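Here the protein sequences come in this chain order: A and B. Counted from 1, the first sequence has number 43 at position 43 by the working numbering; the numbering is strictly sequential. Counted from 1, the second sequence has number 162 at position 162 by the working numbering; the numbering is strictly sequential.
Think of the hints as simulated: they come from the structure by calculation, not from any bench. Since we're looking at a predicted model, the values are computed, not measured. Hints are supplied without guarantee of correctness; some may be wrong.
Stated by the list, open to error - Distance condition first, Cα-Cα at most 20 Å in a straight line; then the derived DMTMM-like pairs of lysine to aspartate or glutamate:
hint, chain 1, residue 1, chain 2, residue 2
1, A, 369, A, 167
2, A, 369, A, 155
3, B, 242, A, 268
4, A, 271, B, 52
5, A, 271, B, 371
6, A, 409, A, 505
7, A, 271, B, 282
8, B, 526, A, 526
9, B, 303, A, 167
10, A, 279, B, 281
11, B, 526, A, 523
12, B, 119, B, 52
13, A, 279, B, 275
14, A, 236, B, 53
15, A, 494, A, 412
16, A, 488, A, 300
17, B, 242, A, 297
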Amino acid sequence: MTSNPTIGHPTRRLDAVVVGAGFGGMCMVHRLRQMELSVVGIEAGGDVGGVWYWNRYPGARCDLMCIDYSYGFSHEIEQEWTWPEQFAHQRDILAYANFVADKLDLRRDFQFNTRVTGAVWDNTRSLWTIRTESGETLEATYLVMASGPLSVPRENEFEGLTAFRGELYRTGRWPQHDVTYVGKRVGVIGTGSTGIQVVSAVAEEAAELHVFQRTPSFSMPMRNADITPEYAAEIKRHYPAMRAAARNSLVGGVRPSITRPFFSLPPDQRKDLMEDSWKRGGHAFLGTFSDLMTNPEANEQVAEFVRGKISDVVKDPLTAEKLKPRGYPIFARRPCLDTNYYESFNLPHVHLVDCNEEPIERLTEGGVKTRAREIELDVLILATGYDGLTGAMLAFDIVGRNGARLRDKWRDGPRSYLGLAMAGFPNLFMMCGANGPSALANIITLNEQNGDWICDVIAHMGRAGLNTVEATVQAEDDWMETVRSLAKLTLMSKASTWYTGTNVEGKARGLTMYAGGYRPYRETCEAMIRDGYRGLAFESAVTKPSQWPSGLDQRSPAADATR
Amino acid sequence: MNRQPLKPPETDSVGVPRRLDVLVVGQGFGGMYMLHRARGMGLRVLAIEAGDDVGGTWYWNRYPGARCDVMSIDYCYSFSNEIMQEWTWSEQFAAQSEIWSYAKWVADKLDLRRDITFKTRATVLAYDTARQLWSVTTDRGDVFEVTYLVMATGPLSIPKGLDVPGGTRFKGEIYLSGRWPHHPVEFGGKRVGLIGTGSTGVQITPVVAEQAGQLVVFQRTPSFTLPMRNRPLDTDFVAQIKEHYPELRALARNTTTGGVRATSTRPVFSVPVAERERLMEDAWAHSGLAFFGLFSDPLVNQKANDVVAEFVRRKIRQTVDDPATAEALTPRGYPIFARRICLDTNYYEAFNRDNVMLVDCLQEPILEITERGVRTQAREIELDIIIAATGYDGLTGAMTAVDITGTQGRSLREKWSGGAHSHLGLMLAGFPNLFMIAGANGPSALANYLILNEQNADWICDCIAFMRAHGHSTVEPTAEAENAYMDLVNMIASRSLMPKANTWYTGTNIPGKPRFFPLYAGGLNKYLELCRDTAAAGYSGFRFSGPAEPRGQREPSPGQSQT
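All chains should be modelled from the sequences, with the hints used to inform the complete structure.
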């Protein structure tokens, strides 16, 4: 067994292949290497960072606080890195990813600018055969898909995409070079988390800005703040305790969540709390009431409060009215945190195009043709979202036991056990999978937990001399039943979003993420391990002892750390 | 072994044992609901109560200023929507008189009194192994023979009393807060001494200060107290609560405390200093209870605890005019919230009155009660009235006050010589068919008793129903299950700062009582889950036995092998 590519040889034999060099893939490669497994990471981009590598669009920023959205596994990394702002800019997050990659010397085991084109399970040899775009073949005992929930931008969503003669940019595939808007007529299609960030950033520079809105989002003020040296020092002093608190929370972060239901308070106090949260910004709103995602009445009252705020901010009543989201619960579509989004519409050169009234028909040479008119543009920015959660898993063909294809298995939506493993797809693990808490939790915390779990299972297999692992059909069915019954309890199912798959034509619908919260999820994962890896079926390696890598029985110290 | 027929004839004749299915000891909120439930199951059940009416702690504690520190909308029954709809609370935090009225109203509504014998104390409880029943002797000479014995005797039922020598010598009036007379006490123009500054003393001080000629507060351990900011509940708010009561109660059951008061997941040091100060100032100004909704970690992180404690110490300095008095009132040397936090109305403010004097017993300990008043190490203080608010033999006092003997002649006092030890706070190995409500090893004082009482009684009734369905006649936890549960209790306690203070939680307020923190500090919701899972797993950790029939006639039952 070797981790060194043999020059000229078409096939490399590895213990593990990790797909993706975002925060999930990075920590996975690191952890597997700590276990002394031979591992190669495959990444389509030119460097580490995943979603933060691709999304360089103006205004790109994380909607989680940086003190949460960062690795917790290494005290050294926590101490050495200093975040400048409460909500970090994309370039800082990408710099952080690079800092971590340097520090852990990760790049030597990553192959960049490489896309996987297919993965096939070889039942006789109990390994995955992975082919890349460049024609290379890798063989690996384990395949870890760390390909992320937001990696495949939607495409071909408009007629005439190639006809447009101006500059066309996709937010999720933003060029590395600078883009200028001065004196230009700019159009932005899409008003989700991305569009909202783009609008505020471009509004000041552009000569004209047309915002094409299909579904209005609820957006709340981010009120980003610099992190003072004193605060940074205090955070660093208390990082371990904060990470522990985060792991015990429903979201995997220290942002407040609270147990107070909406109707336990008198109206005046509720109003005060909402006003105060609006003033404080950030995640303050999520710390006001406990039942916003379960009680439609409470939800509607908060939604109405935010609609009122839109009216307060936007001077033109007609524009304000169009910007107000209706017909779905607030927080069911991912809530946006903005910096002067609604305020932008008070600028004379910023125009809202309500696509409910005048749908986009096609792109033209000169701009965008709606049902009512043609709008001429020099620059068009598509912030039209992603084939979320499942897109990257289905981007290439994954063929499991007996020729079963993942695309068939997931025809009616993704299904797996804990979002981590699947029946019929042995030795394949997913990080931040579509049936775990995924986008409902802090994805970095989740990635680390997923990575630990995967390493725990692999170490167990090494100790027990086991060859293959997969979820039992029963465990997968039971888990999906849990996922479904929780989805029924939350209002999140009630909006058309990438959470529910309704933004992509022909995609199966329904909330497939585990909505029970990060902590219960983590505890469930821990409990099944404690109960002897309940729900997983193993095959013994007795028949194929030669397949076993040597370092497998060594558990790394990190795997034993209490998390 | 002597085997008796299972059902001796029922009788009311004096001295002749009365045969019952269930005897409930205590008619506070726990016992009342237990009686109601057991009766609903068609069991022959009676209750005995030492007081001459229902209400338990709210029957006895009629001292001036007595008030519950849990919100009224939480501190009431949740099992009957009818009761929730018909009763209306007048204040956010209810006064003793209102809570007692509520208890009496419920007793009327459920017609409980017909099955309650008042002014009756159980004195000897002995298990008859051969006949599989409990023999209960009362101070009035009744003897009951019962299959199931339910101790609903409460955590704060046995006042510690005046723990200073010379009480009988005093020529004035002496009152115990926990045995307050039913007639009004006149303080007008009198010199009143108050010994004790726990939750009770803190409530008494401002009320008596306004009436008395002079009030001398003897303080041994200063308490942290937060402003209650009680307010009347207006009609609209009450209507809103009633409309949403069932869902609010369901949400409350799913919290760590069992109430709708806010608890937060935000750790202290995740919030910048200025923001922390603002949050605490805001809570101080509006509601002491809001402090629980600010931060998640004051009870697990000493440094986080210091931040909140220091804020309150500063508030004491700001409130109390005389710096020496302020300093003496300032608690030090134990974590805030480790001693039960008090919620007060003008406690610290009372020390700015000319007629109120603080005696710091750390500087001048009380030596004795004299004919004329209290003698400290420094002086004799003349008094007309002495109020002893000296606390309780908490959590275990009411259980060890009675002579309880289980199997093999083992007494409970012996079993608990090292501190309370039981399974789930519900049952005791070696004491078959004896159930406790709000037992010392459950969440007890850390949770809302009303919710805990209901769940405990429901669990007990379910267990009895299970036994009847399976033909079991006795149940008790295995020693292993009990030990494992107590290990869990200890493990959770070891992570909390709560065991670090000398309080009735740790038993250190009673001379000779072993220092032991017996409470389950993992949160009410987790506790309920544990109890539910135990029952769902066929009462794992419990041993059942069949009826005491002659050998050879006993048939094995399905649950018999379950341990």
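Structure-based check of all given hints:
1. Note on residue 369/A and residue 167/A: the hinted pairing holds, with a Cα-Cα distance of about 16 Å set against a maximum of 20 Å.
2. A threshold of 20 Å between alpha carbons decides the hint, and for residue 369/A with residue 155/A the separation of about 18 Å falls inside it, so the pair holds.
3. Between residue 242/B and residue 268/A, the direct Cα distance comes to roughly 18 Å. Compliance with the 20 Å bound is thereby established for this hinted pair.
4. Proximity of residue 271/A to residue 52/B is assessed by CA-CA distance (about 46 Å); at most 20 Å being required, the pair is judged violated.
5. Restraint check for residue 271/A and residue 371/B: not satisfied, since their Cα atoms lie roughly 58 Å apart, outside the 20 Å limit.
6. Distance hint between residue 409/A and residue 505/A is fulfilled; the C-alpha atoms sit about 19 Å from each other, no more than 20 Å.
7. With a C-alpha separation of about 15 Å, the suggested pairing of residue 271/A with residue 282/B holds against the 20 Å cut-off.
8. Proximity of residue 526/B to residue 526/A is assessed by CA-CA distance (about 16 Å); at most 20 Å being required, the pair is judged to hold.
9. Only pairs whose Cα atoms come within 20 Å are accepted, and residue 303/B paired with residue 167/A is rejected, the gap being roughly 55 Å.
10. Taking the CA atoms of residue 279/A and residue 281/B, the gap is about 17 Å. The hint holds against a cut of 20 Å.
11. Of the pairs offered as hints, the one joining residue 526/B and residue 523/A holds, with about 12 Å between alpha carbons and a cut-off of 20 Å not exceeded.
12. Of the pairs offered as hints, the one joining residue 119/B and residue 52/B holds, with about 5 Å between alpha carbons and a cut-off of 20 Å not exceeded.
13. Taking the CA atoms of residue 279/A and residue 275/B, the gap is near 12 Å; set against the 20 Å cutoff, the hint holds.
14. Under the criterion of a C-alpha separation no larger than 20 Å, the hint pairing residue 236/A with residue 53/B is inconsistent with the structure, at around 58 Å.
15. At roughly 18 Å between alpha-carbon atoms, residue 494/A and residue 412/A fall within 20 Å of each other, so this suggested pair holds.
16. At roughly 18 Å between alpha-carbon atoms, residue 488/A and residue 300/A fall within 20 Å of each other, so this suggested pair holds.
17. Taking the CA atoms of residue 242/B and residue 297/A, the gap is near 15 Å; set against the 20 Å cutoff, the hint holds.
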